[in-house]
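Peer 1: Here the working numbering is used: position 31 in the sequence shown is 1085, and no number is missing along the way.
In case anyone wonders, no lab produced these hints; they're calculated from the structure. Careful, some of the hints might be misleading.
No farther apart than 25 Å at their CA atoms in a straight line, the calculated lysine to any residue pairs in the SDA-like style are these [to be verified]: (1) Lys1077 <-> Leu1091; (2) Lys1066 <-> Arg1081; (3) Lys1109 <-> Met1092.
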Amino acid sequence: MGTLQNEIIKWKDSRPNLKPIKKNKNRSLSEREIKELMGVYGPRYSRRRGAIRQK
1055 MGTLQNEIIK WKDSRPNLKP IKKNKNRSLS EREIKELMGV YGPRYSRRRG
1105 AIRQK
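Use the sequences and the hints to build the structure in full.
Peer 2: This is how it looks when you write it as structure tokens:
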């Protein structure tokens, strides 16, 4: 058994080369899609006389 450093070098050499993960291309979102992600078009809740109501 060699030194720890030599063992690590052998271990790295014996492993198959992993392919780098490809990143997805940037997709341009429309203005409506961006607003939808931010929650602009979602339901609104407010308190009226102690009850929670949806606008």
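Peer 1: If a hint holds in the structure, say so; if it does not, say that too.
Peer 2: Structure-based check of each hint:
1. At most 25 Å may separate the alpha-carbon atoms for a hinted pair to count; Lys1077 and Leu1091 meet this at roughly 21 Å.
2. At most 25 Å may separate the alpha-carbon atoms for a hinted pair to count; Lys1066 and Arg1081 exceed this at roughly 36 Å.
3. A threshold of 25 Å between alpha carbons decides the hint, and for Lys1109 with Met1092 the separation of about 18 Å falls inside it, so the pair holds.
Hint check: a violation occurs at hint 2 only; the rest are consistent with the structure.
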